[in-house]
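Asker: Using the sequences and the hints given, assemble the complete structure.
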Amino acid sequence: MMIGYARVSTTDQNADLQTDALERAGCKRIFTERLSGARADRPALREALATIRRGDTLVVWRLDRLARSVAHLIEIVQDLESGGAGFSSLTENIDTKSSGGKLVFHVFAALAEFERQLIRERTAAGLKAARDRGRVGGRPRVLTGEKLAAAKKLLKSGMSPRDVAAAVGVSPATLYRRVSGGADAR
Numbered sequence: 447m448m449i450g451y452a453r454v455s456t457t458d459q460n461a462d463l464q465t466d467a468l469e470r471a472g473c474k475r476i477f478t479e480r481l482s483g484a485r486a487d488r489p490a491l492r493e494a495l496a497t498i499r500r501g502d503t504l505v506v507w508r509l510d511r512l513a514r515s516v517a518h519l520i521e522i523v524q525d526l527e528s529g530g531a532g533f534s535s536l537t538e539n540i541d542t543k544s545s546g547g548k549l550v551f552h553v554f555a556a557l558a559e560f561e562r563q564l565i566r567e568r569t570a571a572g573l574k575a576a577r578d579r580g581r582v583g584g585r586p587r588v589l590t591g592e593k594l595a596a597a598k599k600l601l602k603s604g605m606s607p608r609d610v611a612a613a614v615g616v617s618p619a620t621l622y623r624r625v626s627g628g629a630d631a632r
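Per our numbering, the very first residue in the sequence shown carries number 447; after that it's consecutive.
A few of these clues could be false.
Across the chosen pairs, the derived CB separations fall in these ranges [what the hints assert, rightly or not]:
#	residue 1	residue 2	range
1	Gly472	His552	23 to 31 Å
2	Val582	Asn539	32 to 40 Å
3	Ala471	Glu567	35 to 43 Å
4	Arg579	Ala619	30 to 38 Å
5	Glu538	Thr457	22 to 30 Å
6	Gly572	Glu538	40 to 48 Å
7	Gly627	Asp525	43 to 51 Å
8	Thr457	Leu564	47 to 55 Å
9	Ser528	Pro607	27 to 35 Å
Because the hints were derived from the structure by calculation, they are not lab data.
Here the structure is a predicted model, which is why all the values come from computation and not from measurement.
Cβ coordinates follow ideal geometry from the N, Cα and C atoms, glycine included.
Answerer: Structure representation (structure tokens):
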């Protein structure tokens, strides 16, 4: 069975163009939504996806009616495929039940993965450049070098670790990590 999904962004827009095209394409059921595609929770989409069974096809008029990002689109289509269902977009002429449609869709998926990898690489390069300039990310240290030196003197004088931690304004766990040279004892 072909199941259609139509979406318009506002209540004053009309989904007739989409629903007419979905009916002509042979959709037996059509779920219509009047919500922004940026919203994560779209009840009609959720209901359409819950209706789909093995062998069915989810049909949309255009890709942007289903998802706002390539990553979200890929997630939906992969979920459909894992359940034995297909996906079709009328305007872009994509049908994942055909070999050509699968190819086009996998090219989209590869481009999305490439984009995610580029973002990771740019982020890592930016963090390295900041570290090379002396910028250390994260929260500022509560137990500064000065306070750490004072805490060590107090500990050597016989003061209890709990009292030393209170005196320098940190938790006993933070004091222990920094004094013992733990993972974050820079």
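Asker: Hints numbered earlier in the text: which of these fail when held up against the supplied structure?
Answerer: Those not satisfied are hints 2, 6, 8 and 9.
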